[in-house]
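Listed in order, the protein sequences are those of chains X and Z.
So for the first sequence, this note's numbering puts the first residue at 1; every next one is plus one.
So for the second sequence, this note's numbering puts the first residue at 1; every next one is plus one.
Bear in mind the hints are in silico, worked out from the structure with no lab data behind them.
Backbone N, C-alpha and C fix where the C-beta goes; we use that ideal spot for every residue, glycine too.
Keep in mind that a hint or two might mislead.
[To be verified] Covered by chain X, per the in silico footprint, the following chain Z stretches (three or more residues, Cβ under 8 Å):
id, region
1, 41-54
2, 103-109
[Claimed, not checked] If you anchor each label on the Cβ, the simulated ranges turn out as follows:
id, chain 1, residue 1, chain 2, residue 2, range
3, Z, Val52, X, Gly53, 17 to 23 Å
4, Z, Leu41, X, Leu54, 26 to 32 Å
5, X, Thr57, Z, Thr96, 33 to 39 Å
6, X, Phe45, Z, Gly16, 34 to 40 Å
7, X, Glu14, Z, Arg9, 30 to 36 Å
8, Z, Thr114, X, Arg66, 25 to 31 Å
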Amino acid sequence: GQSLEQPSEVTAVEGAIVQINCTYQTSGFYGLSWYQQHDGGAPTFLSYNALDGLEETGRFSSFLSRSDSYGYLLLQELQMKDSASYFCAANTDKLIFGTGTRLQVFP
Amino acid sequence: DVKVTQSSRYLVKRTGEKVFLECVQDMDHENMFWYRQDPGLGLRLIYFSYDVKMKEKGDIPEGYSVSREKKERFSLILESASTNQTSMYLCASSPTNRGDYEQYFGPGTRLTVT
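Only chain X is shown next, with the shape it has when bound in the complex (with noise of 0.2 Å):
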């Protein structure tokens, strides 16, 4: 079958970093995509990985290994704001989405 796993939750104090992690099993895989979705609205869309390597916008950075498959969102001088639920998905002719890690951000 076809299936991305991430950790269900991720705790971190403001200003410190945190990695998600993503590794996925899936056929026709075009690239990996990361998804934020704050408590109460709607999943909108963070970043793209298509080739191997670090994709950096902003105080986010998305990875991709496809030999490993395996993917990693990566926050930056987190701030209150960041907590959310983090999805990863796979691009194949649809999306096919991890069950979200959820991120609580502590002052």
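We have chain X already, so just place chain Z on it with the hints.
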């Protein structure tokens, strides 16, 4: 800005009722999707559509059907609502379904079936 709208934010229906959830996007996207989201299970794909009058089953299509008569509108139908269909329903659209694409989500409809 891409806008995806859903007909209701909250909906309460009775077991056995026929339920229509409507989704409209304003960016001329080819692809539209319906998901349900439940705690601990992430987003699960119910149905998707690549074109008008075209539909494909997702991972959990049982108990649902869809309709896409116009490009901008994608409807999810619960033929006979059951309590296990109580969930958050999210609609999404994207301009393509190959390679680098972003899905744009609507605000969701929280459906309660009593």
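Structure-based check of each hint:
no.	hint	in the structure
1	41-54	holds (count 6)
2	103-109	holds (count 6)
3	Z:Val52 x X:Gly53: 17 to 23 Å	violated (39 Å)
4	Z:Leu41 x X:Leu54: 26 to 32 Å	holds (30 Å)
5	X:Thr57 x Z:Thr96: 33 to 39 Å	violated (21 Å)
6	X:Phe45 x Z:Gly16: 34 to 40 Å	holds (38 Å)
7	X:Glu14 x Z:Arg9: 30 to 36 Å	holds (31 Å)
8	Z:Thr114 x X:Arg66: 25 to 31 Å	violated (47 Å)
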